[in-house]
Structure formats: C-alpha cells, structure tokens
Amino acid sequence: DQQVKQNSPSLSVQEGRISILNCDYTNSMFDYFLWYKKYPAEGPTFLISISSIKDKNEDGRFTVFLNKSAKHLSLHIVPSQPGDSAVYFCAATRYGNKLVFGAGTILRVKS
Amino acid sequence: GAVVSQHPSRVICKSGTSVKIECRSLDFQATTMFWYRQFPKQSLMLMATSNEGSKATYEQGVEKDKFLINHASLTLSTLTVTSAHPEDSSFYICSARGPLGRGGLQETQYFGPGTRLLVL
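Just so you know, the sequences run in chain order A and B. Numbered according to this note's numbering, the first sequence spans residues 1 to 111. Numbered according to this note's numbering, the second sequence spans residues 1001 to 1120.
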C-alpha cells in the first residue's frame, strides 16, 4: 500500500518558469511533510518541510503548499534553474515515526 | 549545520566477504539513524532504524543477521553487510534525525552521500 504517491514520474520546465511538483498521501495521521532533492549517486538533500498545522511554507525559491482536506502537497520552484534538474522526493511522517517516501519525480529544467 | 558523512563512498569486494559502512553526524548528535537502500530507478527503501545504545529495528524482509547495525555513539552508526553476494550490490544511504530545537526539524532526516557497493 503506497501511502505517499508522486504520480508524475517526470516533469520538464523551461528555465525561469515555475516548476510544480505534486504529492498525494493517504494516511491522515501524517503530521509532517518534507521535500528532498537527489542527484544520481548522491544522498538526498533536504529542501523544505511543512507541519500539518500550516498550509504554506516558503524558503527562497521553494514554497511548499499543504491541502490537508485533499491530502495533497505541492512544491513550487520559482524561478526554475538548470541546476534544479534532479529527482524530487516527497516524504511524510507522523511524529517519532519513520519517513515514508514517494517514488520521486524527475525534474528537467531546460535552458 | 546538520551534515552527515558516509564512508566509504564506494567499495568493491569479493563474494563472501563482509563490508562495513560508517555513517557519522558531523555537527549534531543523532539518537536515531536510518539505513536505506536504493535500487536503480527506484525510491529509497528503508532497511532499519538504528537507535543509540539499543538494538536496531529492521523492516520486514530485511535480514538482521545479514545487515548488522551498530549505533554505539550519538554520532556514529555502522552497517555491516556480512557474507556479501552480488545481489547485495546496491547504493546504501544513511540518514540521521535532525537536532532538537530547530522549529520541528527534529523530524527532518539528513542524509549522507551514500555508499556504492559492488560485490563481484
């Protein structure tokens, strides 16, 4: 049972435009959500997170939106840069428990 | 802050030998570390949760006698792949749960750079 789903395996965006990466979850007990970026043959890098008590968190070019009623979160990257090209994983957890990862979305930013 | 290192970054070994991978939290203490495995074109698979001073908790289907985990200090966890076989070849990644007092970031896991294991 996939509790965290990233339904888009890949996304291609023009440099300077907005990248929107989506993630859906099924477990209503999750209360903390994270986005990680991963290059091939490297460990994931933490990008941004959001607690279930918020609906938006912003950090520079990265904004995460959480819609609890829809069990949906999204990561917005504005403006997109070629260096943003990577695999993006969303993850969810309940306090004190392990992270549950989505399958990842490959983002390609074209210059 | 919140840097995690892994050593070695790459290892090639003969079938039947054992390989030890170290995971260190460099600038914070981590009571909990995690070991993941990633197969090509697949997501991260949690293998086990490592708690300082106690036995690791293994995920279903992961052989605890095959993948020995030791978390002897607040900054070091080790994964030993015993009697490695070619099917154990993979990318192993550790993570450490973040430090306290950083606005909820205790729940954030910080990942090491990974170790590529190739068993011949």
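There may be inaccurate statements among the hints.
[Claimed, not checked] Over the 10 Å line for every Cβ pair with chain B, so calculated as not near, a few chain A residues:
no., residue
1, R17
2, T45
3, N67
4, V78
5, T93
6, K98
7, L99
[Said to hold, decoys possible] Derived CB-CB ranges, DEER-like:
no., chain 1, residue 1, chain 2, residue 2, range
8, A, I18, B, K1066, 37 to 47 Å
9, A, K54, B, P1086, 27 to 37 Å
10, A, H76, B, S1005, 38 to 48 Å
11, A, P79, B, L1068, 21 to 31 Å
12, B, D1027, A, I53, 41 to 51 Å
13, A, N27, B, S1054, 44 to 54 Å
It is worth saying that the hints were derived from the structure and are not from the lab. Even glycine gets a Cβ: it sits at the ideal position worked out from N, Cα and C.
Hints breached by this structure | 2, 5, 6, 7, 9, 10, 11, 12 and 13
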